[in-house]
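For the protein sequence lines, the chains are A and B, in the order given. The opening position of the first sequence corresponds to residue 6 in the numbering used here, with each subsequent residue numbered one higher. The opening position of the second sequence corresponds to residue 6 in the numbering used here, with each subsequent residue numbered one higher.
Treat the hints with caution; some may be incorrect.
To spell it out: a stretch of chain A is covered by chain B in this simulated footprint if at least three of its residues, at any positions, have a beta carbon under 8 Å from a beta carbon of chain B; those stretches are [as the list claims (entries may be wrong)]: (1) 19 to 30; (2) 53 to 60; (3) 121 to 127; (4) 175 to 186; (5) 265 to 278.
These are computed hints drawn from the structure, not numbers from a lab. We put the CB at the ideal spot given by N, CA and C, even for glycine.
2 protein chains.
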Amino acid sequence: MTVALIAIDWGTSAARAYSLDARGAILDERSAALGVQKVDPGEFPSALATLLGGAVPSDIPMIACGMIGSRQGWVEAPYRECPAGFAAIASALTPVPGTRLRIVPGLICRDADGVPDVMRGEETQILGALEDDASGRAAPHVVVLPGTHSKWALVEAGRIEAFATFMTGELYALLREHSILGRLAARDGRDDGAFERGVAASLPQAAALTHDLFSARTLPLTGGLALEGVGDYLSGLLLGAEIGAARRWLQRRTVKGDSVILVGEAALCERYRRALALAGIESTTGAAAAAARGLWRIARQSGILTR
Amino acid sequence: MTVALIAIDWGTSAARAYSLDARGAILDERSAALGVQKVDPGEFPSALATLLGGAVPSDIPMIACGMIGSRQGWVEAPYRECPAGFAAIASALTPVPGTRLRIVPGLICRDADGVPDVMRGEETQILGALEDDASGRAAPHVVVLPGTHSKWALVEAGRIEAFATFMTGELYALLREHSILGRLAARDGRDDGAFERGVAASLPQAAALTHDLFSARTLPLTGGLALEGVGDYLSGLLLGAEIGAARRWLQRRTVKGDSVILVGEAALCERYRRALALAGIESTTGAAAAAARGLWRIARQSGILTR
């Protein structure tokens, strides 16, 4: 099959390139630890060549999303305001001079107080995760992307209306690696009961995370939680806080949010699925290779596909 | 003047010893970086001698509070259940064999769901911070001890009824030293406006800390906050979350909490005073050298004073 598009998910720590045919099927996939944080300014052309296996083809259109379009990336692709759908995003690709590469803009939205929230790369995954018929679906749906900075996005008729970021994954890593709780949680183990207890403790609006976190210390201290369960309990506390707050965010926007689409790494999505179920929220898993699908759909909409 | 009591505030990282006369006045004060975390088991007798300047007197009673009574300390002084006042604490001192040293117990309390909270050392500071006439005061008052693990304690008629811990200081240090926000906040500066904005953003019950923290990234990114203000904004977000949650904790206990007593390091108390004022909470500063005063009062109550 002929390669019609090279689609690159180019993030902070790694880059992944997909060769796609004219129907968007993945022909080949390559990845490299050449994330934006690891490439010096000026070295992006050679990083791209390395990622693609030695040479950058001059006859194939390329598209990239993620931190590659940030101020620390190759060329800055300014944020687009929400709401934004395929048309708005596809019309705002930023070309990289001297190449056939175009960069997908990130998105920005503002809450009622004018405080901004941003995403780069997730907009493409969200558009890729939608089922083919969903892009035109009128009813709003909610897409959740678990991760270092988890995103909850409200999607309506193929447009991303608004979104909210939660620093769940980064806080978990900080607490595990550097806090007094992490020293307790050093004994690894899987404890589903501890995880569910953590979720249940921090879901209610009356919960207070900076207080509840201390119970990951006092419970094992008083025999109320096995040391092996501290890591899962901590994870539960953080997920419960995220889900509780996100649900209230949806309610303020008069969205029911009783079912969501999960997009991300399988084990992490499964963890979210269990936590969401405790909150009475159903979840389904979004289409696989969401970034590649999203990049292909945006490229097709933008008219850069030549085959 | 003759030394009637040696009183030691012996914490995780440092120890401070006070020589007190028969009326509780401080005659001398010594400190050393010989906190519990820095002393090997079995080395506590020599650490005490070093702290006291070479020799441990055999003719003077000694009393200590803090982590020295934890499982990692010299001798474990089991937690006392709340409510606990002078009498309950003074009757539960744990003697250290072979010395005239006694250790003040920490306190434990449980919330409506049975989740425990603990303190060690702060109970002594709280009892020391009360004005002489306050120990018998019937109306409840609230004592706040800012720090790595801030404590809010509800005190009634000289008894500590209940308390709640907030990991505010530890979270601030983690975020400044190890997070993506800390890298932004590397440029130090004092920005009172940014601090107050952070407090105001996270005081309301509708606030969600793991989401709001991300605004310490998006605001400077979009020109809505100077980089010099990121540290103070972050501090404000964490203090606002603590104060908002603590106020709701007091309300659930039907305590008005419109004024509190602050006990701790002066600059940190001033920061709390400003944040509390934004929440409409008045604050006064507790008596200085609260730990020494508390240790002296507990020793007197316990009958170990011989002069």
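For this session: Could you work out which earlier hints the structure fails to respect and list their numbers in ascending sequence?
Result: 1, 2 and 5
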